[in-house]
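A.B. asks: If you want the building blocks of each chain, they are given just below.
There are 2 protein chains.
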Amino acid sequence: MEYKLKRVGRELVMPGKVIDFYRDTMELPDGRIEKWDYIDHKRGGACIVPVLPDGRILMIHQYRPAIDRETLELPAGARDSIQEDTAVTAARELEEETGYRSDKITLLLKLRSAVAYCSEFTDVYLAEDLIPIGGQHLDEAEEIRIEAFDLDTLLEKIYSGQIQDAKTAAGILAYSTRLYKEGK
Amino acid sequence: MEYKLKRVGRELVMPGKVIDFYRDTMELPDGRIEKWDYIDHKRGGACIVPVLPDGRILMIHQYRPAIDRETLELPAGARDSIQEDTAVTAARELEEETGYRSDKITLLLKLRSAVAYCSEFTDVYLAEDLIPIGGQHLDEAEEIRIEAFDLDTLLEKIYSGQIQDAKTAAGILAYSTRLYKEGK
Chain A
-15 MEYKLKRVGR
-5 ELVMPGKVID
5 FYRDTMELPD
15 GRIEKWDYID
25 HKRGGACIVP
35 VLPDGRILMI
45 HQYRPAIDRE
55 TLELPAGARD
65 SIQEDTAVTA
75 ARELEEETGY
85 RSDKITLLLK
95 LRSAVAYCSE
105 FTDVYLAEDL
115 IPIGGQHLDE
125 AEEIRIEAFD
135 LDTLLEKIYS
145 GQIQDAKTAA
155 GILAYSTRLY
165 KEGK
Chain B
-15 MEYKLKRVGR
-5 ELVMPGKVID
5 FYRDTMELPD
15 GRIEKWDYID
25 HKRGGACIVP
35 VLPDGRILMI
45 HQYRPAIDRE
55 TLELPAGARD
65 SIQEDTAVTA
75 ARELEEETGY
85 RSDKITLLLK
95 LRSAVAYCSE
105 FTDVYLAEDL
115 IPIGGQHLDE
125 AEEIRIEAFD
135 LDTLLEKIYS
145 GQIQDAKTAA
155 GILAYSTRLY
165 KEGK
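Chain order of the listed sequences is A and B. Residue numbers -15 to 168, in my numbering, belong to the letters of the first sequence in order. Residue numbers -15 to 168, in my numbering, belong to the letters of the second sequence in order.
What the hints contain is simulated information worked out from the structure, not anything from laboratory work. Where hints are given, some of them may not hold.
Note: identical chains are not told apart, hence a pair may lie in one copy or across any two.
List time: in silico EDC-like cross-link candidates among lysine to aspartate or glutamate, alpha-carbon distance up to 16 Å [said to hold, decoys possible]:
| id | residue 1 | residue 2 |
| --- | --- | --- |
| 1 | Lys(-10) | Glu54 |
| 2 | Lys141 | Glu131 |
| 3 | Lys(-10) | Asp14 |
| 4 | Lys1 | Glu18 |
| 5 | Lys88 | Glu112 |
| 6 | Lys(-12) | Asp123 |
Here chain A stands alone, though its shape is the one from the complex (with noise of 0.2 Å):
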């Protein structure tokens, strides 16, 4: 399909710290003139699901002050350089933030957070087969819980709206939904 929606210019109107705000003027099918925002998400990310060898998934509790409230998610980080490869982020969170390392670390699914104004991406990693290496390594201004749930258990916080976190939930569905079309 041909669109006639098309971006003729782009300001960076405030710089931040891990995104940049700009405003773009858009040229509308209809011809008008409109400014949209356009949020630049600097360096992108990892998630991972981390799978012990019982089955059950290693899960983060820590303040977010963004929505001002606790939440449950899976382990993530954003990438050290625009240069790295996101499966060398997710072996990284992943030990940082668990304490946890795996030998197999394999892409799950790739998302996009905010299509209608934001660039940012995460890549979802599967880590199975977890090896205790002996504590979390956290930088300064992390200050998480870890704790381990079955699968079932996730998916009722999931429907039931106590986990919101996208990244998460579409993690851990597509994990399940894996399981699932593989007869597990």
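Take the given structure of chain A and dock chain B to it, following the hints.
C.D. replies: Positioned in the frame of chain A, the structure of chain B alone reads:
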């Protein structure tokens, strides 16, 4: 858990059209002060999994300037006002974007797009027993094409990276998992 991470200030640095950009002043667990980005999505929205009587799902092709590509997404849209019930948003967006209505719209899951820095929420509804109402009613900035897919095709598109929009992936995977749990 008591968290030591605290927000001690918030400053609006750039108002936008659908989002506002703030700079938060955070007190870290170790006592240091840091500036964090915060994006307030003003209205939140709804997303719909629209299921035809034959089981196929109505999807939307559209061009998304923020990621500079055509996407395949579930119908979705922002609330008309911050008072609007997202069930009303869902019913309206379903009719406008697909030309179908439903008397059976139920909440499937609640999502937060980017909990690290953004307040946006999207309530995802399941719309069953669709009834054609005779054509879409698009606004002047919308340029979309509807196509119906069976569920297995959409799951393949998620796992192969052809569908990356997080609300779309989570919504389809949640519907698929629910069907499986119900033994369908």
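A.B. asks: The structure should be examined with respect to each hint, and the outcome stated for every one.
C.D. replies: To see whether the hints hold, each was checked on the structure:
1. Lys(-10) x Glu54: Result: close only across copies, 12 Å inter versus 40 Å intra.
2. Lys141 x Glu131: within (14 Å within a copy, 32 Å between copies)
3. Lys(-10) x Asp14: Classified as within: same-chain Cα gap 11 Å, cross-chain 47 Å, threshold 16 Å.
4. Lys1 x Glu18: So Lys1 and Glu18 pass the 16 Å test across copies only (10 Å; inside, 27 Å).
5. Lys88 x Glu112: within (5 Å within a copy, 39 Å between copies)
6. Lys(-12) x Asp123: Classified as between: cross-chain Cα gap 14 Å, same-chain 46 Å, threshold 16 Å.
Checked against the numbered hints given earlier, this structure breaks none of them.
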